[in-house]
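All chains should be modelled from the sequences, with the hints used to inform the complete structure.
Protein chains in written order, with numbering that gives the first Met the number 0: chain A, 0 to 307; chain B, 0 to 254.
By construction, these hints were calculated from the structure, which means they are not laboratory data. Each hint should be verified, as a subset may be incorrect.
One-sided excerpt, in silico: chain B residues whose CB lies under 7 angstroms from chain A [stated by the list, open to error]:
#1 I5
#2 K13
#3 R17
#4 Q94
Calculated from the model, a selection of chain B residues having no Cβ within reach of chain A, i.e. all distances over 10 angstroms [as the list claims (entries may be wrong)]:
#5 T27
#6 Q45
#7 F92
#8 L112
#9 A142
#10 H190
#11 W196
#12 Q226
#13 M245
Every residue gets a Cβ at the ideal spot worked out from N, C-alpha and C, and that includes glycine.
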Amino acid sequence: MSSSPMPAVAISGVRKSYGPLQALRGIDFSIRQGEFFGLLGPNGAGKSTLISIIAGLVGADAGTVAVMGHDTVSDFRAARRKLGVVPQELVFDPFFKVRDMLRIQAGYYGCGKESWPWIDEMLERLDLADKAGSPMRALSGGMKRRVLVAQALVHKPPVVILDEPTAGVDVELRRTLWSFMTDLHRKGTTVVLTTHYLEEAQELCERIAILDHGQVQVIETTQQLLARHPFRFLRLKLAAGAVLPESLRALVSGEPNGSVELKLETARHPIASVLETLRLAGVAIEDVHTRDPDLEDIFVELTGGDDA
Amino acid sequence: MSPDQIGFQTLLKKEVMRFWSVLGQTVTAPVITALLYLLVFAQAMQGRASVYPGVSYTEFLLPGLIMMTVIQNAFANTSSSLIQSKVMGNLVFLQMAPLGPWEWFGAYVTAALVRTTLVAAAMLLVTIPFVQLPIREPLALLAMFLLSSASLAVLGLIAGIVSQKFDHIAAFTNFFITPLSFLSGVFYSVHALPAFWYQASHLNPFFYMIDGFRYGFFGQADVPLLQSLLWSLGFFLVASAVCLWMLMTGYKLKK
Ligand SMILES: Nc1ncnc2c1ncn2[C@@H]1O[C@H](COP(=O)(O)OP(=O)(O)OP(=O)(O)O)[C@@H](O)[C@H]1O
Ligand SMILES: [Mg+2]
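See the structure below:
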């Protein structure tokens, strides 16, 4: 352990209850420096609670968190200077204009005028340049979301946590945010992302932790996670009147828009043999389509079918 | 300048900008209200015997009105700022920043002092045509002004910390700050009161703030200056200890 480099975020033994509700039941994991890390889990899993504890907004009942080696309680100033958090809620200060708000936020972190060019650069990159002089209350939801992202980055923190930055955001903005996050990551920032869009996590994250009911269910690289299940999906569009042979019924995993989807275990049910069965049974098929399992399939397996 | 100092200054500047952007509400309105009191009461009480020798009723009234306004505005500044940030949710930006309890305390209280200084100065200026107050004890005046402003600013912080919505602050204001600031000898000398109320006044910290402040102008008051100073200082220290304890432990702020 001593030879491994200092983690960007080290979480150990973190517990948190709200009355009788155990929101976090002992969380232990580390996020490596430079990682693009996904924190996934169904609604109420405890993701935002964990993020709030890392950020110092919520006190843990037990356990410790360190950001870049600094304890978030005993050495909170240093820890917070290394961290930028985009909160899940769309909060803002209606009194201030966008650019002023960002400069104030930079000031809290001890950054003076030298941070102003960076603020203007972010405004540019996030398509906010023409709103720089507008008061926060006059911005649309998507624009406020972008300001939140900029606000978390004013002090150029080495670790950035984004709690559902793409929730309720249009396609174009989502792409802007993706390229922005990817860019940050490429420049060496550790990025932690929470999202309910699993394709997004699959696309962007190198490693993923799935949280459920306040516990880490699994923490693996995205590749390992996807390789977990040696499944393939076979989607068949049967000709009108055709019926699936009895022997294949047990394999049906879904019936998306008029076709049937079979979940095949690669070892036990090779696709060729399934197609052969169909041919022998004389079932007429209009279209065939195969698909690898994606994160959503794995997520559903691990969280017992809760909604992402 | 160290990063911590920049952080403190930024928070102070932000708190000043907050009331500065609505000066009409935060400074002009209280000054006009106080001016109306002055005109109405001065008119109604005309011809009454003066409270202190050589001090007219209008002269007697003005320092009390100023201090009452200062008390209410110091409390309003910190409590409303905090509750607004809480209700809007933007307090998280400050809570996630690397600022400690002392910086919060110092910045919020200093910003309130800036506001009460403006309010007090504006009241003195606009009343010059009606009343010209002497300033017999400038140091006492300054000490009483600072202690009172700071005490109420701290009390406002405490109220902001324990409250979860605007109604809670309104309750503090309506049931505590306003009655105590009215029942504190602003409009009369407590010597004119029946025995019970006379005694009760001496348990009201706002009475000492007003009395000591008046001493600064006239060099005379209902109780000795030292007594007013000690009461105000004690009030400030107790309130500050409570407030700093809340900030240090994250009371009601850290869920
Ligand atoms: N302040 C609070 N008081 C009481 N319960 C809370 C509080 N904050 C969170 N909880 C509870 O803790 C649990 C975890 O909530 P949390 O917000 O961390 O979930 P989440 O994983 O972020 O969910 P989502 O995907 O919906 O954002 C939930 O059951 C929630 O009701
Ligand atoms: Mg959440």
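Enumerated hints in conflict with the structure, sorted upward: Result: hint 7 breaks, nothing else.
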